[in-house]
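Visitor: Those sequence lines, one after another, are chains A and B.
Each residue of the first sequence is one higher than the one before, counting from 1 in this note's numbering.
Each residue of the second sequence is one higher than the one before, counting from 1001 in this note's numbering.
Treat each hint with caution, since some may be false.
[Stated by the list, open to error] With a Cα cut of at most 27 Å, we get these calculated DSS-like pairs of lysine-lysine:
#1 B:K1069 / A:K130
#2 A:K109 / B:K1069
#3 B:K1130 / A:K109
#4 B:K1109 / A:K130
#5 B:K1130 / A:K69
It should be emphasised that the hints constitute simulated quantities derived from the structure, not laboratory data.
The model shown is predicted, which means the values in this text are computed figures rather than measured ones.
Number of protein chains: 2
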Amino acid sequence: MTIDGTQEAPRDCALDGQLPFDVFARNCPSRDTLGHVTGRWGSLTLGALREDTLRFNELRRRVEGVSEKMLSQTLHALERDGLVHREAQPTNPPRVDYRLTPLGQDITKRLMGLIDLVEARMPDVLAARKSYDGGR
Amino acid sequence: MTIDGTQEAPRDCALDGQLPFDVFARNCPSRDTLGHVTGRWGSLTLGALREDTLRFNELRRRVEGVSEKMLSQTLHALERDGLVHREAQPTNPPRVDYRLTPLGQDITKRLMGLIDLVEARMPDVLAARKSYDGGR
């Protein structure tokens, strides 16, 4: 990094198989996947699937506030990244189940570690907000 | 959760100090904080600060692709949540340093655990994408 404010060369990432993947690099595909995992609806969808196979409408109820369209887009992105498995059941009426893949389970475990910590530390966060809002 | 598709009552969260914070509840403030931590620019900003105190322009270079306005908004939200400390140095020209608070360090540690895993598993993600795109 330059001290004088001049632009650094953009980082490279593992597209040629030589360098590690790097979310700090602008064009690294790992940045998209991190976004799918940690985006508002992506994170809640993975979290909702951590224990259960769920149907679309079950997921929609579990993830309060998500629209049908956003949940559908979220599930497509997670399925394409190999984190969620979609299975159409040959029932009448037809039914579609969603569950985490083994990769999705690994990643969701880490994600839940983060979510659990954020929830646990919310009293500190709210105290900080109160002090910030009062001090300005 | 109801099986027949009727609406469940919205979840409650710890606003009255009785229930735990719950990111799955629509109005829980933990959902906002999770969004600040895991949003595209929030996660990269916390990650960039995990080892160093950085100035605004240093941060901007480290988090490739972020605009001045987005970085400024991101830092304000993280500061208000008590995750980032902002310190104006009495130098000439004036200089503003940003660093993680102890709470920010705890949360960033979990976040980096997730980021490291996503980066490490990108070969699997890219293989899944290839298979998904080829199979449709």
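Visitor: Work down the list of hints and note, for each, if the structure agrees.
Guide: Results for each hint:
Between the alpha carbons of K1069 (chain B) and K130 (chain A) the distance comes to roughly 24 Å, so the proposed pair stays at or under 27 Å and holds. Note on K109 (chain A) and K1069 (chain B): the hinted pairing is violated, with a Cα-Cα distance of about 33 Å set against a maximum of 27 Å. A distance of roughly 25 Å separates the Cα atoms of K1130 (chain B) and K109 (chain A); the hinted pair therefore holds under the 27 Å criterion. For the suggested pair K1109 (chain B) and K130 (chain A), the alpha carbons sit about 25 Å apart, so the restraint of at most 27 Å is met.
This hinted pair checks out: K1130 (chain B) and K69 (chain A) have alpha carbons roughly 24 Å apart, not beyond 27 Å.
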